[in-house]
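J.: Quick note, the sequences are listed as chains A and B, same order. Sequential numbering from 1 applies to the first sequence in full-length UniProt numbering. Sequential numbering from 1 applies to the second sequence in full-length UniProt numbering.
FYI, nobody ran anything at the bench for these hints, they're computed from the structure. A hint or two may mislead.
In silico EDC-like pairs for lysine to aspartate or glutamate, Cα to Cα no more than 16 Å straight-line [to be verified]:
#  : chain 1 : residue 1 : chain 2 : residue 2
1  : A       : K46       : B       : E5
2  : A       : K3        : B       : E130
3  : A       : K3        : B       : E40
4  : B       : K3        : A       : E223
5  : B       : K211      : B       : D242
6  : B       : K195      : B       : E219
7  : A       : K2        : B       : E136
8  : B       : K20       : B       : E130
9  : A       : K2        : A       : D29
10 : A       : K95       : A       : D251
11 : A       : K2        : B       : E5
12 : B       : K2        : A       : E50
13 : A       : K196      : A       : E223
These numbers come from a predicted model, not from an experiment.
Number of protein chains: 2
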Amino acid sequence: MKKNERISIITKVLSDHPSKVFSYNYFTDLLEVGKSSVCEDVAIVKNAVEMMGAGCVETYSGASGGVVYRPGVTKTEEMAILTEIADLLQEPSRKIQGGFVYYSDILSSPRYSKKIGRIIASKYVDMNIEYVVTTETKGIPAALETAHYLNVPMGIIRRSNRVTEGATTSVNYISGSSNKIKTMYLSRRIDLTAKKVLIIDDFMKGGGTAKGMANLMEEVGAEVMGICVIFVTRSPLEKLVDNFTSLIWMDDENIEGNGIGVSFSAEY
Amino acid sequence: MKKNERISIITKVLSDHPSKVFSYNYFTDLLEVGKSSVCEDVAIVKNAVEMMGAGCVETYSGASGGVVYRPGVTKTEEMAILTEIADLLQEPSRKIQGGFVYYSDILSSPRYSKKIGRIIASKYVDMNIEYVVTTETKGIPAALETAHYLNVPMGIIRRSNRVTEGATTSVNYISGSSNKIKTMYLSRRIDLTAKKVLIIDDFMKGGGTAKGMANLMEEVGAEVMGICVIFVTRSPLEKLVDNFTSLIWMDDENIEGNGIGVSFSAEY
């Protein structure tokens, strides 16, 4: 195998498995070359990935040494992605009776869910997250991609009790959109005891669902490391949860008016 | 930029965007080199991807020429992935009252959903699929990854009518597990008229849900190119749909007995 082909293979393996540490032995076996060649090849891949602004490649030396691709996103790319999504949200045809905006197609598109997942993962990449959880349905694609980039499993909290989940832990919560008491369920086969968990949801108005998820995590003994919500409405100003990160703020007064006002989180 | 770094970047771009055709101009602009260098680099990436058994890189010449990564999987890798999943399914702790098997964690894990998506996509890669649809909830990760590998959008059919989907088209179907008449809903904002659609679901026993999805596709004017179900029980032998592909067959007599019998589709 030629050096150039080795570099292509190392790039694909690392890029396909973000946050996963590969030993140098893995590559010496796969590529049938010595460790010094692999080290040289990895240095080139590291340069290339960093030039692309797609994150970084970290190497650890010593007997248990290895190499890992940590996903990242440049400020410029993040702004470009969020602007593209915000522009889509402002299409007049997306307005739904009752002041809602149709966005299921955006979050279900691999084109956007991958990018959103990479943006979210880049914010939590140093926090040793062990599990990503979301509540069905629309946030699942982004949660899955975030879990992929962090190299951890993803758990789905259900809105109804399903026989296929086995025994569940449940909590009640107040759904902001309907103002009714609802119940959410997590399979007891997902063991989150003492696990560092990242909560992801697609939409927040009052924060009732996010608060329910945080309560459920407390109930099962998990440690909530963060709550990240993709779309958050500016009003009400007071949410039922204190600490959360939003990607895009929605000016909902405008949603109900003539246009849909969408702006970015002040953090960007 | 050095040739080695160009190869790493081309590998990452192509691998991150399966089934998407990139013009040579895209790479000459990105890498700031001439077309002949890009052609040489692409040839090396093509070799490397094919050596890995991860699919192939196709090139088109001429003014509108370009390069595309078509995802694939070797028979050996496919068998290894499905065996690993089948082994997991047979863990005694996965048995749920009523003859069900708990597998939500497997399908929600990026580790498996990516691989399942690549396996499914490789079977439909030449069929010009334009949309992937699934019914919530457990099949969403695999459907998303399949859509990613085919470079098409994914649409989620809902089991209840949600205000955030706007106007919907609905069909009734008979759910095999409960033997009740249920309704499934697709947002009318997803336009599938004359679109070539691939239906994906996580589980089939009688085929009621799959038949409902096929009926719904007919109702919205889509052309069903295939139905792919991840887990299918051997009994009943007669399903409500004729043409479908399964990844793993489940011997459900055994599921209800002492052990869980899982075997592969006869196609492999």
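J.: Each hint: holds or not?
T.: Status of each hint after checking the structure:
1. As the CA atoms of K46 of chain A and E5 of chain B are separated by approximately 9 Å, the hinted pair is consistent with the 16 Å bound.
2. As the CA atoms of K3 of chain A and E130 of chain B are separated by approximately 38 Å, the hinted pair breaks the 16 Å bound.
3. With a CA separation close to 14 Å, the supplied pair K3 of chain A and E40 of chain B stays within the 16 Å bound.
4. Note on K3 of chain B and E223 of chain A: the hinted pairing is violated, with a Cα-Cα distance of about 46 Å set against a maximum of 16 Å.
5. Note on K211 of chain B and D242 of chain B: the hinted pairing holds, with a Cα-Cα distance of about 9 Å set against a maximum of 16 Å.
6. For a cut-off of 16 Å, the pair hint linking K195 of chain B to E219 of chain B stands: about 12 Å separates their Cα positions.
7. A hinted pair counts as satisfied when its Cα atoms are at most 16 Å apart, and K2 of chain A with E136 of chain B does not qualify at roughly 46 Å.
8. Taking the CA atoms of K20 of chain B and E130 of chain B, the gap is about 13 Å. The hint holds against a cut of 16 Å.
9. At roughly 15 Å between alpha-carbon atoms, K2 of chain A and D29 of chain A fall within 16 Å of each other, so this suggested pair holds.
10. Distance check on the hinted pair: K95 of chain A and D251 of chain A sit about 13 Å apart at the alpha-carbon level, within 16 Å; holds.
11. The suggested pairing of K2 of chain A with E5 of chain B holds, with an alpha-carbon distance near 15 Å, which does not exceed 16 Å.
12. At roughly 14 Å between alpha-carbon atoms, K2 of chain B and E50 of chain A fall within 16 Å of each other, so this suggested pair holds.
13. Taken as a hint, the K196 of chain A and E223 of chain A pair is honoured in the structure, with Cα atoms around 5 Å apart against an allowance of 16 Å.
Violation of the numbered hints given earlier is confined to hints 2, 4 and 7; the remaining hints are satisfied by the structure.
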